[in-house]
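Novice: So the protein sequences, as listed, match chains A and B.
Note that my numbering has the first sequence beginning at 77, numbered continuously upward.
Note that my numbering has the second sequence beginning at 1110, numbered continuously upward.
In case anyone wonders, no lab produced these hints; they're calculated from the structure.
Ideal Cβ positions, reconstructed from N, Cα and C, are used throughout, including at glycine.
Incorrect hints may have been included.
Derived PhoX-like pairs (lysine-lysine); straight-line CA-CA distance at most 25 Å [as the list claims (entries may be wrong)]:
id: 1; chain 1: A; residue 1: Lys203; chain 2: A; residue 2: Lys82
id: 2; chain 1: B; residue 1: Lys1327; chain 2: B; residue 2: Lys1347
id: 3; chain 1: A; residue 1: Lys79; chain 2: A; residue 2: Lys95
id: 4; chain 1: A; residue 1: Lys101; chain 2: B; residue 2: Lys1317
id: 5; chain 1: B; residue 1: Lys1317; chain 2: B; residue 2: Lys1347
id: 6; chain 1: B; residue 1: Lys1312; chain 2: A; residue 2: Lys203
id: 7; chain 1: B; residue 1: Lys1312; chain 2: B; residue 2: Lys1124
id: 8; chain 1: B; residue 1: Lys1346; chain 2: B; residue 2: Lys1369
id: 9; chain 1: B; residue 1: Lys1327; chain 2: B; residue 2: Lys1346
id: 10; chain 1: B; residue 1: Lys1210; chain 2: A; residue 2: Lys203
id: 11; chain 1: B; residue 1: Lys1242; chain 2: B; residue 2: Lys1252
id: 12; chain 1: B; residue 1: Lys1210; chain 2: A; residue 2: Lys82
id: 13; chain 1: A; residue 1: Lys133; chain 2: A; residue 2: Lys203
id: 14; chain 1: B; residue 1: Lys1312; chain 2: A; residue 2: Lys133
id: 15; chain 1: B; residue 1: Lys1312; chain 2: B; residue 2: Lys1346
Reference excerpt, derived from the structure (chain B facing chain A, CB under 8 Å, subset only) [claimed, not checked]:
id: 16; residue: Thr1120
id: 17; residue: Gly1153
id: 18; residue: Gly1154
id: 19; residue: Ser1268
id: 20; residue: Thr1308
id: 21; residue: Leu1309
id: 22; residue: Tyr1343
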Amino acid sequence: MNKNLKEQVLRSSGVNVLKCMRCGKCSGTCPSYDEMEYHPHQFVYMVEKGDIETLMKSESIYKCLTCFACVDRCPRGVQPAKVVEAVRLAAVRQQDGNRLSADQIPSLLDEDLPQQAIVTAMRKYAK
Amino acid sequence: METFTYYPGCTLRTKAKDLDTYARASAEALGIALEEPADWQCCGGAYTTARDEIATKLSAVRTLNSAKEQGRALITVCSACHNVIKQTNYDISRDEDMAMKVNNYLQLPEPYAGETTVYHYLEMLRDVVGFDKLKEKVVAPLKGVKIAAYYGCLLLRPSAALAMDDPENPTIMEDFIRAIGATPVIYAQRNECCGGYITLEDKSQAAKRSGAVMGSAKDQGADMLITACPLCLYNLKKNSGSDLPVYYFTEILAQALGLKEGNDE
Ligand code: SF4
Ligand code: SF4
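The whole structure should be built from the sequences, with the hints applied where relevant.
Specialist: And the structure:
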């Protein structure tokens, strides 16, 4: 367990992971459930345990669509999406941690793709 | 004529011109003047919820503050811009640490603390114009057309910050559809995500999500689907594999107001 990473994720997300009652509703409503190795309720639990590096290495951090369904539907107001975001930021902020670089963008474009998709991806995948 | 500050955002200048053009034309016909702030910047597309992120929030604060300086409410139309600006406004009025850092950076004549009222264009139709009034202005009602309103995620959530409508049982778009003479179609996936930006790296996930949305609308007998979001429109048209027509809500608004020819798809 990495205490500094746990502290960073807790502060950055502003989430009190101890409020979670492990009902799994966040994961039940998550549109990316099938694509995720670790599901929203597991993020909350693993952050509580301080197991941040496992999450940082998982593709799951790039599968969250930031749809805020888990935030609105959690009966305890835990806001799991904020935990996922804080872990993702911990990963992309590391040295050489960028998932996406500006030179990769042209190959991803098609004539209809809105700019919005690119700026959003740059926010999610790079620093 | 009531004047509002209007924030179009980057995509409405490029790939989503129809969303913008018909928003402006319809507002004018409804007696609403929209004025862009002088030097607006892209909102960034997604709100960064992290409390230790400051730079990613500055653009939205600049936009909010320029409306404040003009003494006006702010109108947005793209769902993503709306979400970013609304969440920024919500957080800056509650998170003192963030407000302090943002204001220390921006050095505005007067610190910004969330004073601006933000309306999505749909809220402007409901709360400023009024759906009854809109109905009176309709010259070409879309009689008999069954329209599925697609909220997606960005217009409704997180509901504490967005505060547009009931996040699980919204009515604003259905009321809009009724006001222009058409029939709303209620379907299960109307407030679930289309896949969003995941299309850049995982087409199959985008296909799965947008396919589920379109399938759900079609099963309930929709003739078309409307959205306020350029990325939703993209996913639903290009990734869903469905042939159900998708339009911006401003296109059918302009059509009902007699400002645009009907869609012949
Ligand atoms: S919905 Fe809330 S309380 Fe339930 S498992 Fe998820 S975070 Fe915990
Ligand atoms: S915000 Fe992310 S983790 Fe939460 S329900 Fe949506 S996709 Fe899943």
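Novice: Hint by hint, note whether the structure agrees.
Specialist: Now for the hints, and whether the structure bears them out:
Between A:Lys203 and A:Lys82 the CA atoms are separated by roughly 20 Å; this keeps the pair inside 25 Å, and the hint holds. In summary, the hint linking B:Lys1327 to B:Lys1347 is supported, as the alpha carbons are separated by about 16 Å, within the 25 Å threshold. Taking the CA atoms of A:Lys79 and A:Lys95, the gap is about 20 Å. The hint holds against a cut of 25 Å. Taking the CA atoms of A:Lys101 and B:Lys1317, the gap is near 21 Å; set against the 25 Å cutoff, the hint holds.
With a CA separation close to 12 Å, the supplied pair B:Lys1317 and B:Lys1347 stays within the 25 Å bound. For the hint linking B:Lys1312 to A:Lys203, the alpha-carbon distance of about 23 Å falls within 25 Å, and the restraint holds. At most 25 Å may separate the alpha-carbon atoms for a hinted pair to count; B:Lys1312 and B:Lys1124 meet this at roughly 20 Å. Restraint check: the Cα-Cα separation between B:Lys1346 and B:Lys1369 comes to about 21 Å, which is no more than 25 Å; the hinted pair holds.
With a C-alpha separation of about 14 Å, the suggested pairing of B:Lys1327 with B:Lys1346 holds against the 25 Å cut-off. A threshold of 25 Å between alpha carbons decides the hint, and for B:Lys1210 with A:Lys203 the separation of about 19 Å falls inside it, so the pair holds. With a CA separation close to 18 Å, the supplied pair B:Lys1242 and B:Lys1252 stays within the 25 Å bound. Restraint check for B:Lys1210 and A:Lys82: the C-alpha separation of about 23 Å stays at or below 25 Å, so the hint holds.
At most 25 Å may separate the alpha-carbon atoms for a hinted pair to count; A:Lys133 and A:Lys203 meet this at roughly 17 Å. Between B:Lys1312 and A:Lys133 the alpha-carbon distance is near 22 Å, which keeps this suggested pair within the 25 Å criterion. Between the alpha carbons of B:Lys1312 and B:Lys1346 the distance comes to roughly 13 Å, so the proposed pair stays at or under 25 Å and holds. Interface hint status for B:Thr1120: upheld, as the beta-carbon distance to the closest one in chain A is roughly 4 Å, under 8 Å.
With 8 Å as the threshold, the beta carbon of B:Gly1153 comes within range of chain A, its nearest partner Cβ sitting at about 5 Å, so the hint holds. With a cut of 8 Å, the hint placing B:Gly1154 at the interface with chain A holds, because the nearest CB-to-CB distance is about 3 Å. Residue-level restraint check for B:Ser1268 holds (minimum Cβ-Cβ distance to chain A is 5 Å; threshold 8 Å). Using the Cβ-Cβ criterion of 8 Å, the hint placing B:Thr1308 at the interface with chain A is satisfied: the shortest such distance is roughly 6 Å.
About 5 Å separates the beta-carbon of B:Leu1309 from the nearest beta-carbon of chain A, less than 8 Å, and the hint is met. Because the beta carbon of B:Tyr1343 sits about 6 Å from the nearest beta carbon in chain A, less than 8 Å, this interface hint is met.
Checked against the numbered hints above, the structure violates none of them.
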